[in-house]
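Student: Next come the chains, spelled out residue by residue.
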Amino acid sequence: MAADQHSPHLAHHFDSMEQQQESSSLGMWLFLAQEVMFFGGLFVAYAVYRFKYPEAFAVASSHLSLGWGAFNTVVLICSSLTMALAVRAGQLGDKRGIIRYLLATIFLASVFLGVKGVEYTEKYNDGLMPGPAFEYTPDFDRYTVPVTAETAPPNFVGNVQLFFSFYFVMTGLHALHMVIGIGLMIWLIVKALRDRFSKEYFTPIEMTGLYWHFVDIVWIFLFPLVYLVWRH
Amino acid sequence: MSSSTHISSLKSYLNVFWTLMALTLLTVVVAFFDLGPFNIIVAVSIASVKAYVVILYFMHVKYSNHIIWLTVAAGFIWFVLMLGLTIADYATREWIPYPEAW
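These protein sequence lines are chains C and E, in that order.
Taking my numbering, I'd label the letters of the first sequence as residues 1 to 232.
Taking my numbering, I'd label the letters of the second sequence as residues 233 to 334.
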């Protein structure tokens, strides 16, 4: 193909659109591998302390609302589906489809964050926000976890607080990723409205899709680890 | 075939979606049974299957080239190393008693 005939989207340091797309994908996956290590550090720290203080973590987890957690898991999986369909619309060059599915994804993401806001407020009002406002009195008679005032390890309340520190930092960092994702989707909708995408060029949609599915995967692990510690 | 030229059908995306929904239900139901130390193992295994399905189909890795496979595997292996070595340390610290002061 002569130089003056190539796609207007092809940067000059690439041989072809395909090579350009594959470079973007590789870059995005390297970023996501880095994100795995970023969240991974928190997951490893969580694993160590859960191993060390199993009773306190089980008790603390049972104070979270399983209903909200499960609801949000379903909402986030739905948003992953709509995001996958937005990328598919990009592949098909369907501008209306891109915008429709991105709006649906933004809507579902907002529902998720709204629920998270309700949960955070509840926990704060119950005195479970770590820090000076943390106030927790163990009620050993009501726990299903086999732990009594006599068998409870020293600093039991402190370890309950530790669980909530992990809960707020991990879900908070996850929520921050979702806010960034919503920003990216708004940017994509503006680009789509300006007809910047076509069947042969929709890389930004595809890359945002990868990011969004990664955020979904983080939640897929967070949900059982923070909400389902001790439900039997 | 590159990841962006393979167009999955609407039906295949819906199949992935229902698989993820079914596994979410399963992980909640299983949590209500007392499996002892296996509760956490089952929960993490189900989450791993869900993540695998998302990576393969939603993230198109099934249709991507080998260097993408390598990057995904590297992310996974390095995380398992970090987790495995750290747990191996903390889980075995008390196997040998601390020496008395001398």
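Just so you know, the hints here were simulated from the structure itself, not pulled from any lab data.
Yeah, the Cβ is synthetic: ideal placement off N, Cα and C, and Gly gets one too.
The reader is advised that the hints may include incorrect statements.
Said to hold, decoys possible - Just so you have them, the derived chain E footprint on chain C, three or more residues with Cβ under 8 Å:
no.	stretch
1	20-31
2	36-48
3	83-95
4	119-125
5	183-191
Stated by the list, open to error - So these bits of chain C aren't anywhere near chain E, every CB distance computed over 10 Å:
no.	residue
6	Gln5
7	Gly131
8	Val147
Student: Confirm or reject each hint.
Tutor: Here's how the hints hold up against the structure:
Given as covered by chain E, the stretch 20-31 of chain C passes the check, having 6 residues with a CB less than 8 Å from a CB of that chain where 3 are the minimum. By the rule of at least three residues with a Cβ nearer than 8 Å to a Cβ of chain E, the coverage given for the stretch 36-48 of chain C holds, with 8 such residues. Interface restraint, the stretch 83-95 of chain C with chain E: holds (6 residues with C-beta to C-beta distance below 8 Å; minimum three). Given as covered by chain E, the stretch 119-125 of chain C fails the check, having 0 residues with a CB less than 8 Å from a CB of that chain where 3 are the minimum.
With 0 residues carrying a beta carbon less than 8 Å from a beta carbon of chain E, the stretch 183-191 of chain C misses the three-residue requirement, and the given coverage is violated. Interface exclusion of Gln5 of chain C from chain E stands, the closest Cβ pair being 20 Å apart, more than 10 Å. Distance to chain E confirms Gly131 of chain C as a non-interface residue, since its nearest Cβ pair spans about 26 Å, more than 10 Å. The Cβ of Val147 of chain C lies farther than 10 Å from every Cβ of chain E, with a closest approach of about 15 Å, so its non-interface assignment holds.
When each numbered hint is compared with the structure, violations occur for hints 4, 5.
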